[in-house]
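Novice: Okay, here's what each chain looks like letter by letter:
There are 4 protein chains.
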Amino acid sequence: MYDYGLLNPVWAGTRAAEQTSDVAFAQAMLDVEAAWCRAQIRFGTAPESIGQAVETACDITSYDLTELAAKTPDGANALIPLLAELRNKVAAQHPEAAGYIHRGATSQDIIDTALMLVAARTGEHIVTDLKTTVGQLGALADQHAETVMIGRSLDQHAQPISFGYRVSQWLEAIATAGQQFETTLTNLPVQWGGAVGTSTWWVDYFKAEQPEHDPMQLVTAQRDMFAEELGLVSASVWHANRMPVTQLAHAAFEVVAAAAKLANDVLTAVQAEHAELAEPNKPGRGGSSAMPHKNNPVLSIRLKNAAQEATGQLTALHTGVISNTAERADGGWHSEWAALRGLLRVTGAVAEILSELTAGLEVFPQAMRRNLDIHGNYLLLGRISQWLAPLVEAHDVVEKGKGKQLVESICQEAIASGDDLAQTLGDRLPDGLVSVKAIEKMLDPSGYMGGAATIVAEVNSRYRKWST
Amino acid sequence: MYDYGLLNPVWAGTRAAEQTSDVAFAQAMLDVEAAWCRAQIRFGTAPESIGQAVETACDITSYDLTELAAKTPDGANALIPLLAELRNKVAAQHPEAAGYIHRGATSQDIIDTALMLVAARTGEHIVTDLKTTVGQLGALADQHAETVMIGRSLDQHAQPISFGYRVSQWLEAIATAGQQFETTLTNLPVQWGGAVGTSTWWVDYFKAEQPEHDPMQLVTAQRDMFAEELGLVSASVWHANRMPVTQLAHAAFEVVAAAAKLANDVLTAVQAEHAELAEPNKPGRGGSSAMPHKNNPVLSIRLKNAAQEATGQLTALHTGVISNTAERADGGWHSEWAALRGLLRVTGAVAEILSELTAGLEVFPQAMRRNLDIHGNYLLLGRISQWLAPLVEAHDVVEKGKGKQLVESICQEAIASGDDLAQTLGDRLPDGLVSVKAIEKMLDPSGYMGGAATIVAEVNSRYRKWST
Amino acid sequence: MYDYGLLNPVWAGTRAAEQTSDVAFAQAMLDVEAAWCRAQIRFGTAPESIGQAVETACDITSYDLTELAAKTPDGANALIPLLAELRNKVAAQHPEAAGYIHRGATSQDIIDTALMLVAARTGEHIVTDLKTTVGQLGALADQHAETVMIGRSLDQHAQPISFGYRVSQWLEAIATAGQQFETTLTNLPVQWGGAVGTSTWWVDYFKAEQPEHDPMQLVTAQRDMFAEELGLVSASVWHANRMPVTQLAHAAFEVVAAAAKLANDVLTAVQAEHAELAEPNKPGRGGSSAMPHKNNPVLSIRLKNAAQEATGQLTALHTGVISNTAERADGGWHSEWAALRGLLRVTGAVAEILSELTAGLEVFPQAMRRNLDIHGNYLLLGRISQWLAPLVEAHDVVEKGKGKQLVESICQEAIASGDDLAQTLGDRLPDGLVSVKAIEKMLDPSGYMGGAATIVAEVNSRYRKWST
Amino acid sequence: MYDYGLLNPVWAGTRAAEQTSDVAFAQAMLDVEAAWCRAQIRFGTAPESIGQAVETACDITSYDLTELAAKTPDGANALIPLLAELRNKVAAQHPEAAGYIHRGATSQDIIDTALMLVAARTGEHIVTDLKTTVGQLGALADQHAETVMIGRSLDQHAQPISFGYRVSQWLEAIATAGQQFETTLTNLPVQWGGAVGTSTWWVDYFKAEQPEHDPMQLVTAQRDMFAEELGLVSASVWHANRMPVTQLAHAAFEVVAAAAKLANDVLTAVQAEHAELAEPNKPGRGGSSAMPHKNNPVLSIRLKNAAQEATGQLTALHTGVISNTAERADGGWHSEWAALRGLLRVTGAVAEILSELTAGLEVFPQAMRRNLDIHGNYLLLGRISQWLAPLVEAHDVVEKGKGKQLVESICQEAIASGDDLAQTLGDRLPDGLVSVKAIEKMLDPSGYMGGAATIVAEVNSRYRKWST
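Protein sequences, first through last, are from chains A, B, C and D. Position 33 of the first sequence, counted from 1, bears residue number 33 in the UniProt record's numbering, the numbering being contiguous throughout. Position 20 of the second sequence, counted from 1, bears residue number 20 in the UniProt record's numbering, the numbering being contiguous throughout. Position 258 of the third sequence, counted from 1, bears residue number 258 in the UniProt record's numbering, the numbering being contiguous throughout. Position 54 of the fourth sequence, counted from 1, bears residue number 54 in the UniProt record's numbering, the numbering being contiguous throughout.
Possibly wrong hints are sitting among the right ones.
Since the list gives no way to pick out one identical chain from another, each pair is judged satisfied if it fits inside one copy or across any two copies.
Each computed EDC-like pair below joins lysine to aspartate or glutamate, with the alpha-carbon atoms no more than 16 Å apart [as the list claims (entries may be wrong)]:
no., residue 1, residue 2
1, Lys-441, Asp-204
2, Lys-71, Glu-85
3, Lys-404, Glu-96
4, Lys-282, Asp-64
Hints are computed from structural coordinates only; laboratory data are not their basis. If you're wondering where the values come from, they're calculated on a predicted model, not measured in any experiment.
Could you put together the complete structure from these sequences and hints?
Specialist: What follows is the structure in structure tokens.
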């Protein structure tokens, strides 16, 4: 028993950690073996009588995982010692039943299917959490569709936006990734093929037992039942085609990457100098006894940490996948397991954190407004000159093409002297060209958010159905 | 100026390298700027008269790319100096036209859209090459659906397969990845949003010019024309939502990973000790003057190399994406560019190589058979004992449960003594239990390929339509 | 609670897994806290009386790691809940002693130092195993310094080498990496600095208590004792300078990468078609009941798997390190922990596997010779023409510059016709130019290994002292 | 001619880009071939007369790199077509000289050595720039050794530090990495070994020509001259031992990672809300015509971008290195080239940027002080209670162990009410316990920087000699 999560603040103590634990994976392997027995019973290739003994033996709590781990290196997988023990347990109750266990299967059938099962189980909660998150972000975006703040380009003050608009972009990324992840979940396949993927054992069996039928049709029909038992998709063998693994891994990574963007923005906004957002409070979380003013944004830190871990896990998985060989790889396949599990675990933790963070994120519109004002009217210079330059030229104040220069020089001068910009422009431009009031309106950043609110509404309407 | 591909055997001299070159990217940026002008003309926000000057100026051959590169670091992007030059060129022909260039846009609109355009252009050829490859692999699988060879598990001899079956697994992975890539291509979006993604400039413009309309409806309608001009999808702004980039990158990587599996298998099979396959010959390729017996499998080496490069590029892209912030990231965005281009380039090269390699792969069935026989009848022991043990037990030769042991001990002994296995079994087992002929049939590896041929047919039927 | 290693055949059941377990890491954190108390006692800033209570409480077996893990996310590290519990345990025995625990320290001081302690403890065994490995490889290289086999370039037959020469290259890489790793171990630093690295608490303390001294001299002197207690190096604070972490990680990775090369070569050589090497046998390892002829090279598979995992861990670590910020990073630091632990664990497992694999690697010189002969005399063509061309020209058999062509055409013809090459050359070349015997000598591949044996001796002499 | 750097703001237009260009690499390959000829002349194995023809032909400006690139894929390396052309050029001038070119060498000898030569040439400037940077940082640290600012833990306000202290940590990381990189540069080896690394050609040659000597001693002696000609280290063959490559790559990455930390800190500090630092101004850099208030921190953005790119390049390199096989790898080796070049290029650009950024970084001490004050006296609570609690207990104001609680409650109350904290404490604590003045002194953050200035001095003294 090695790891509890002490070095993994991302997932220590989360539901995802349990759902992807070695215990959960080993139980999934037993579930797969049991499902295969049930499929045989249903298909008439095994007697009903074996059912009870198999089900009873397929409970991971009666196995010693430390011992299984110790035997894992010998065959470079954990199924081999688990299966030996499973056969013993079944045989102890029902000697003949043992022969039906794992019949015609290979380690890879069980391990790959078990990983898909773990994905399906963890994935279900991930999708739920992501839908909750998207719902919460939708409400937040809606609420702040008009809350003005500074938009940042290259992380520098650029133009005003609304906070709701920024939230809508978090939402769109998370929802896009979430939907793709959900789609991937609905396609998770069982693995079934025997030693080299061609179902030799069962083809021989059916040729002998049911010579009147095409043996592969029977193999496929029996596999369909197996898949049905597990709630997975009945698919052609993929021992040597790892696309199902890469697609799942990529879909998971996209969720984590979308969450990281949100976290990065929160981490900037909670800095004391910004103070635009605060993470939800929870007693005992994020404080520091030595530094009582601290409220560490631990949820966002964990999300950021998660994305960094996931990047490494995906690299490991890719490095494995690209060294795939023959009918079963010599190392490449093995590298997928921990990496895929790690990705699912991190993604699950991310979904849990997102759901908590977006439920209680505190927003400080006054601070947003204060920060927006740091550059004062400089922020509006582009807008003002875009608006006034043509008017100035149209009134022949200056010749064509010189309007922008005139307007900008008046503005720069006024701002530098600390004069009221609207008034100065009103004074300096010909009477009747524009009113001071009109200029003041154009200088109001809350009117300079373009389509921010429209985008909020559009994004919300796009994902409203999915999120509920 | 810098790179010709001398350190990049994967893509040096390929069509993909040209389609993703800096020249191609810069031309794509000009194409995007030109398309925006055309969209304005069509939408009635710019006069038709600007068209000619813009089109003429949007030809990259009249720009000095070395100079543009030298100016690139100042704004951390190449669009800024390119745009300055473009405006100069347009103004030289038609002074007023210059004002319509890039109107209401931001660098990110152009760069992101240009990258999507490069993806669309490169992608079209990639899909064509992948379809050709899948077609060729389908024919190869069909032709060798019954060509027996050894299947390998953990890269060790396991059970017989047909070469066609192995090819079917290459095919399935490449076709799955290719179809997903093709789908991604059909969704490539334009980027449009201005400084912070809210189209402030155009909202102001339409409020002033067409106050009777919802300005964002006009913005969207004009964007639709822009997308149409470029053959891309009109989508909501994604400045701060990088899912379109990760999805494209992942789809590309999956193609490369699927190809790597094929390459790894070819690299094993062309070794002199295996000699089961040879790469297509081309004068001047893969030979060595110092070592005349060499025929280096350079196509497969390049595919393997490609997958390793792509793993690094994807890591760089991920590292960038997860540090995305605010309305435009401060470095994370910049890291996507070269990584995405690199992925497209490598994927394009991979598709070209695949198409050539699978067109001319030489297959040596006799060598496959010779290698299969290395372990002789040992390979069939499992099958024989699975078949005979129940018969032996049914005939009360041994008690229940001991059949396998008896059969195996007879076999091991016979093989060790070099005796004919079928004959020995016939002699040692009770008369009438099985005929020597029946045993000989069971010892024929070509009858022990399970559903190999069925799988070949099934996979071929799944992708036949797509590949043609 | 979560992971036993079932998905990690690389390290499940290894000593390294235990030495890097959460238990070991948590014990190391307690060891660091205890060492700090001992340092205070030695330095006179804490009374001796606290010693016993602290030592007693610093035994990880009396802590509930599942509970600690559950509390880890709240502060995004495990030290916070561990410390609270430690203080309780100490206070229960000796109320005043609790105040001396963690005095002036910050979480990062303890966690970073604990990781270095884990590195030192695991590292000691790694170095021992690597020295054993290098010693064993040295003997193997020596034994096979003249055992001829085919050398491979781009994995294709190139020229003869000796197996000992190939071993010498494994040895050199492993020894180079091992020595660098050992050097890194001797420089592992303690971390000491308090909240922001400037030792504010202790500076205040010493200013008040020992105003006559430079407080930082006292801080440093006390830190020296702390380092001495732990067997680590007393170093300037490195909270915000992660070079000690990257150097350690890189040194570990190099060991793993060097091992992967060896594993890749073994995996090729154990294939049935090559059969030049076999992994040491161990009952129960690497066999397959379904496929009795199999002896899976699980040690090499685990080494290959290890390198792929390590590549991912290093990527995660790098992704963390490059997002380092301020006096303590918001996520980047957290990503280092599991990655560094993972690298140490994998490196430890690799060293154990290497030591076992190189102790019992079986070598089959006859198979090496058989494989070498696949291309027959083609392999020697270059040598023969290099040798004879000048002689032929010198004897005016052909004009200058045509010698190579003549020799090669004679050779190609002879080989193609299946004639004896030496005899044919002897017949076709002018009498007295060279003897058939001399040609036969030149055609002997065992005389065509260049400096192979010299390189073996040179490499062995370079590392002999280190390995013993 | 594909890439000018338009997608690579990190290195476009830098000196490093030129030093690592394909032109520079190809010239390095020619330099290696030329050096080998000179070594032969010096060693007496080639006539002096060949020198001129070789030198003349070894000028890359007379080669067509586009053509070489087009031929690169055929042999999967660029040396093959380059060498053919080189031989032609030499032969055109001096027919016999052509035979001495590349004598006994293999592609890998030239390519590996050329990459080391590129590293040496680029590296020299990198070290110079890093020394300049360290010198500049030393001066900056010194100047601001007492400039108080807030220190951040988990990027949140923690305790005061001096800006000089933060700079000292940048300095230490960059100097550590720089020194290690410099050391690596002094060990860059030539590669020399022929087809499979055993110098067969030259061993045969020397056996024939100088039978009285040990041929490998002559091979080594001649190699020493070759190394001397190139300014590299004469080393044992490392075709199959890639540790020299990983060590160089790791050393380069460490420089980039150290720089990224500095960049991340600058990016936070230049935000308008912080405004503690500004990047040096340069006309035309970092501005935005649409947003005149912007001064984009492009140097830091490029440094951050660099680290992300380098992470990907290192992953590619690692993925290649761990798939190393036999005497020359089938793809793994090829993946090293572009990755290593990329790392050197990025590292060179980073060094240039660092040197410019640290020369002109603007520091705003008033803003630092303003930000520090955001949390006001909350920041000092820990310090005050650490100081007063024992005094309060010693004066029996409260019982032992309750001092901290009393002091903290007085403080919290005072701060909450907006009262003067020193005065309130003076009032509420017994007369004579402490003076208000003493409390005020303890509340001065500039006196609460622990050993900041000492650390600055210590770090500066550690690297002063190296940096100049």
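Novice: Output the indices of the hints that this structure fails to meet, ascending.
Specialist: 4
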